[in-house]
Amino acid sequence: MNKIQGSESLLQKQQASLRKTLDSISIKGIITQSDRQKLLSFLVSNPLLISEDIQRINETIFQIESGILKVLN
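Position one of the sequence shown corresponds to residue 2 (the working numbering), numbered consecutively onward.
Simulated from the structure, these hints should not be mistaken for lab results.
A virtual CB, placed ideally from N, CA and C, is assigned to each residue, including glycine.
Treat the hints loosely; a few may be bogus.
[Unchecked claim] For lysine-lysine, the following DSS-like pairs were computed, each having C-alpha atoms within a straight-line distance of at most 25 Å:
1) Lys14 / Lys29
2) Lys71 / Lys29
3) Lys71 / Lys21
4) Lys71 / Lys39
5) Lys14 / Lys39
6) Lys21 / Lys39
7) Lys39 / Lys29
[Said to hold, decoys possible] Simulated restraints on C-beta separations:
8) Leu11 / Gly68: 27 to 37 Å
9) Gly30 / Ser10: 27 to 37 Å
10) Lys21 / Val45: 14 to 24 Å
11) Gln38 / Gly68: 14 to 24 Å
12) Ser18 / Glu60: 12 to 22 Å
13) Ser10 / Gly68: 33 to 43 Å
14) Leu41 / Ala17: 15 to 25 Å
15) Gln13 / Gly68: 26 to 36 Å
16) Ser10 / Val72: 28 to 38 Å
17) Ile69 / Leu11: 26 to 36 Å
18) Ala17 / Gln38: 15 to 25 Å
19) Ser25 / Asn47: 14 to 24 Å
20) Glu53 / Ser10: 14 to 24 Å
Let's have the full structure, built from the sequences with the hints guiding it.
What follows is the structure in structure tokens.
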């Protein structure tokens with residue numbers, strides 16, 4: 002039981018970090034290579050993401066590919 006609660010707590014912390022990263026990207030209009038890698042990694046490694054987070058990640062990736070967001074090295 003504690004293992005499940007620990008996993009849920011870790012996921013909540015990761016989701017909070019993800020939302021903070023996405024908010025920062027939206028406000029600044031730029032994304033670092035590290036942030037981009039974090040988003041892709043989080044998307045691939047977390048099957049329990051809520052649909053809102055998945056949508057925000059996909060929108061951010063689309064904005065990168067479209068040249069709307071500038072990627073800093």
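Numbered hints the structure breaks, given as an ascending list: The structure conflicts with no hint, since it agrees with every one listed earlier.
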